[in-house]
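Position chain H relative to chain C; hints supplied.
Line order of the protein sequences matches chains C and H. To convert, note that position 502 of the first sequence is 502 in my numbering; the numbers rise steadily by one, no gaps. If you want my numbering, it's the position in the second sequence, counting the first as 1, plus 1000.
Be a bit skeptical, because a hint or two may be false.
Calculated lysine to any residue pairs in the SDA-like style (CA-CA distance at most 25 Å, straight line) [unchecked claim]:
id, chain 1, residue 1, chain 2, residue 2
1, C, LYS205, H, TYR1051
2, H, LYS1090, C, ARG155
3, H, LYS1049, H, THR1064
4, H, LYS1090, H, ILE1078
5, C, LYS205, C, ALA277
6, H, LYS1049, C, TYR204
7, H, LYS1090, H, ILE1077
8, H, LYS1049, C, HIS208
9, H, LYS1090, C, MET234
10, C, LYS445, C, VAL296
11, H, LYS1049, C, GLY190
12, H, LYS1090, C, ARG159
13, H, LYS1090, C, ARG156
14, H, LYS1049, C, THR196
15, C, LYS445, C, GLU368
16, C, LYS205, C, LEU274
17, H, LYS1090, C, SER157
18, C, LYS445, C, ALA432
19, H, LYS1049, H, VAL1065
20, C, LYS205, C, PHE414
21, C, LYS205, H, LYS1049
22, C, LYS445, C, PHE394
23, H, LYS1090, C, TRP235
24, H, LYS1049, C, GLN209
25, H, LYS1049, C, VAL74
26, H, LYS1090, C, ASN302
27, C, LYS205, H, LEU1050
28, H, LYS1090, C, PRO231
29, C, LYS445, C, ILE364
30, H, LYS1049, H, LEU1006
31, H, LYS1090, H, ALA1071
32, H, LYS1090, H, VAL1017
Read the hints as simulated data drawn from the structure, not as lab findings.
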Amino acid sequence: MNFDLSVPTQLMQALTPDVFLMVGAMALMLVSALRPDSDEHQRLVGYCSIGVLLATLGIVIWFGSRGFTSGPGVIAVDGYRLAADMLFILAALGAIALGIEYNGREGIWNAESHVLVLFATSGMMIMAAARDLMIVFIGIEIMSIAVYVLAGMNRRSPRSAEGALKYFLLGAFSTGFLLYGIALVYGSTGSTNFTTIGHNIVQYKLAHQGMLLMGVGLLLVGFAFKVAAVPFHMWAPDVYEGAPTPITAYMAAAVKAAAFATFLRLWRESFDLLDFAWLMPVWWIAAATMIYGNLVALAQRNVKRLLAYSSIVHSGYLLVAIAAGTNSGSAAFLFYLLAYTLATFGAFAVVCAMSRPGDRDLEITDYEGLWRVRPGLAIGMAICMLALLGFPVFGGAGFWAKVYVLAAAEATPFRQLMPLTVLLVLASVISAGYYLQIVRVMFMKPRPEGAQVPAATGALTRLVLAISVALVILVGLIPARAVGWARNNQPTAPVTLSTAKAP
Amino acid sequence: MLAEALALSGVLFVIGVIGVLTRRNAIIVFMSVELMLNAVNLSFVAFSKLYGATGQVFVIFVMTVAAAEAAVGLAIIISIFRHQETVNLKDINLLRG
Chain C
1 MNFDLSVPTQ LMQALTPDVF LMVGAMALML VSALRPDSDE HQRLVGYCSI
51 GVLLATLGIV IWFGSRGFTS GPGVIAVDGY RLAADMLFIL AALGAIALGI
101 EYNGREGIWN AESHVLVLFA TSGMMIMAAA RDLMIVFIGI EIMSIAVYVL
151 AGMNRRSPRS AEGALKYFLL GAFSTGFLLY GIALVYGSTG STNFTTIGHN
201 IVQYKLAHQG MLLMGVGLLL VGFAFKVAAV PFHMWAPDVY EGAPTPITAY
251 MAAAVKAAAF ATFLRLWRES FDLLDFAWLM PVWWIAAATM IYGNLVALAQ
301 RNVKRLLAYS SIVHSGYLLV AIAAGTNSGS AAFLFYLLAY TLATFGAFAV
351 VCAMSRPGDR DLEITDYEGL WRVRPGLAIG MAICMLALLG FPVFGGAGFW
401 AKVYVLAAAE ATPFRQLMPL TVLLVLASVI SAGYYLQIVR VMFMKPRPEG
451 AQVPAATGAL TRLVLAISVA LVILVGLIPA RAVGWARNNQ PTAPVTLSTA
501 KAP
Chain H
1001 MLAEALALSG VLFVIGVIGV LTRRNAIIVF MSVELMLNAV NLSFVAFSKL
1051 YGATGQVFVI FVMTVAAAEA AVGLAIIISI FRHQETVNLK DINLLRG
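One chain only, chain C, in its complex shape (with noise of 0.2 Å):
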């Protein structure tokens, strides 16, 4: 079915699952409100949601396979959205089961927190769904809001409350920036629509316009604030140590997919035509967050603190996707999104059930040993590290990440992307320094004296790590199939704009 957008009926029709998802987060919020907080009634909102989620995945799995399509209109109906959308589902899913148990532990009883995550998801939702700048605005903020209100959700936690208020001053202020883009996009091509951005770019000849020009960078920025990019990152260590380990999780692998994905759409939608001004400042971007989050990540001890930097560095090798611009990039960017994000899952889940009360056992070193009293939560962390790093074999889903991001760089006319392929093997290279050296420390060194053994692992927990490793080594296996899936969900690039560039 094609979906005429400028019917109200159809355009809510091709909404379905981002409506669905909200208006069940809605009813949810006033089920969390209905008895005081305790540790049973969020547990109950906390599989409500799980309920909630599981269901609008099921709708977009339908709409995925009915093929609908929708003609010009505000919101895409394609498969990148969808496939973007399972993403973040997918994200919520394991950022909500491991925070059932993580909040009952540390006494984070707000039933709120689980109903949160399923308003930010749908934000991304609707990010990923944006076809106007306008729309791209309110799932930014339906999604920002929400996450701000999660990383202070440890009302007990002063770290909580300093990671909650850095974020949402950073936040508000590349909102500023994201939101003068659009302003002066808006005003030197006279529309806020993808579509129309990039058919006015050619059919005026705005191309070398100052105006536009300076929108787009300014969007440049707020998106790479949005995604931490070096060197608008500085916000992103702090926050991911201060926030609550799930909600760390989330913000690392979700937030920072729904950025990139919007980012994407974008680019290609509308501003294809404009790579001599864009591809260079992206190529810095890339390279400087490579190498920069690499060697910072060296130096750190503190285990949320070095996945915090790892997935600045993995910002970098995603913009070399997006750099790279064309439709193999686009494939190879989903399929990276979808390693990436399985693999932190993994190690966030192993973190979460390494830690006591209080986030404290969170160093390296009371990791030593893991092998001998935790044995399964040893090879989880050692797989997903792996994964991280794009080790051949044992990295599983990690490694042919790599290779495809790598194969579309070097496909592209640009000849500019050939350095930047070569550094992101170096900085991979160099990201062995700090993985290797978990792993090693799990295996090779003996239990410290008078170590505590890390309580049982909540059944919960130990279904996500084993789905997230399970996956990150079945998608090894098979990852021409799933590349076939990326690479079948792209997004819909306007005619005008690919004839144009032909010549």
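Just chain H, lined up with the frame of chain C:
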């Protein structure tokens, strides 16, 4: 008229950015962010004189979102004041590394 409005909006935006970067009181930083958003609103209204109502609709959205953001932001600032008895960003530095 358009050029003057855009220039004013640009100046206000830069004042906001400088405020965020130089001030250390969380409330004043937040006010500077609001100044940035309102500077952008001025641009939108100016552009909507050229292109029709889209810009004005956008301004309504921005104001709504800014109000929601202010509610959450002030709540976060209050929660940090309960812990630290200060809203000075210089003194809020537990997270380092």
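Comparing the hints with the structure gives:
1. C:LYS205 <-> H:TYR1051: With Cα atoms ~18 Å apart, LYS205 (chain C) and TYR1051 (chain H) stay inside 25 Å; holds.
2. H:LYS1090 <-> C:ARG155: holds, 21 Å
3. H:LYS1049 <-> H:THR1064: holds, 22 Å
4. H:LYS1090 <-> H:ILE1078: holds, 17 Å
5. C:LYS205 <-> C:ALA277: Holds, because 15 Å separates the two Cα atoms, which is no more than 25 Å.
6. H:LYS1049 <-> C:TYR204: Within the cut-off at roughly 19 Å; holds.
7. H:LYS1090 <-> H:ILE1077: holds, 14 Å
8. H:LYS1049 <-> C:HIS208: Between LYS1049 (chain H) and HIS208 (chain C) the Cα gap is close to 23 Å, so the pair holds against 25 Å.
9. H:LYS1090 <-> C:MET234: holds, 16 Å
10. C:LYS445 <-> C:VAL296: holds, 24 Å
11. H:LYS1049 <-> C:GLY190: At roughly 11 Å apart (the allowed maximum being 25 Å), GLY190 (chain C) and LYS1049 (chain H) satisfy the hint.
12. H:LYS1090 <-> C:ARG159: holds, 15 Å
13. H:LYS1090 <-> C:ARG156: holds, 21 Å
14. H:LYS1049 <-> C:THR196: holds, 19 Å
15. C:LYS445 <-> C:GLU368: The given pair, whose Cα atoms are some 6 Å apart, holds under the 25 Å limit.
16. C:LYS205 <-> C:LEU274: Holds, at about 11 Å.
17. H:LYS1090 <-> C:SER157: holds, 19 Å
18. C:LYS445 <-> C:ALA432: OK: LYS445 (chain C) and ALA432 (chain C) at ~18 Å, within 25 Å.
19. H:LYS1049 <-> H:VAL1065: The given pair, whose Cα atoms are some 23 Å apart, holds under the 25 Å limit.
20. C:LYS205 <-> C:PHE414: Holds - the C-alpha atoms of PHE414 (chain C) and LYS205 (chain C) are around 22 Å apart, at most 25 Å.
21. C:LYS205 <-> H:LYS1049: Holds: LYS205 (chain C) and LYS1049 (chain H) sit about 22 Å apart, inside 25 Å.
22. C:LYS445 <-> C:PHE394: holds, 21 Å
23. H:LYS1090 <-> C:TRP235: Cα-Cα ~15 Å, so holds.
24. H:LYS1049 <-> C:GLN209: holds, 20 Å
25. H:LYS1049 <-> C:VAL74: holds, 22 Å
26. H:LYS1090 <-> C:ASN302: Between LYS1090 (chain H) and ASN302 (chain C) the Cα gap is close to 23 Å, so the pair holds against 25 Å.
27. C:LYS205 <-> H:LEU1050: Holds, because 18 Å separates the two Cα atoms, which is no more than 25 Å.
28. H:LYS1090 <-> C:PRO231: holds, 21 Å
29. C:LYS445 <-> C:ILE364: Given pair LYS445 (chain C), ILE364 (chain C) holds - Cα atoms ~12 Å apart, limit 25 Å.
30. H:LYS1049 <-> H:LEU1006: holds, 12 Å
31. H:LYS1090 <-> H:ALA1071: holds, 23 Å
32. H:LYS1090 <-> H:VAL1017: holds, 18 Å
Violated hints: none; the structure is consistent with every hint.
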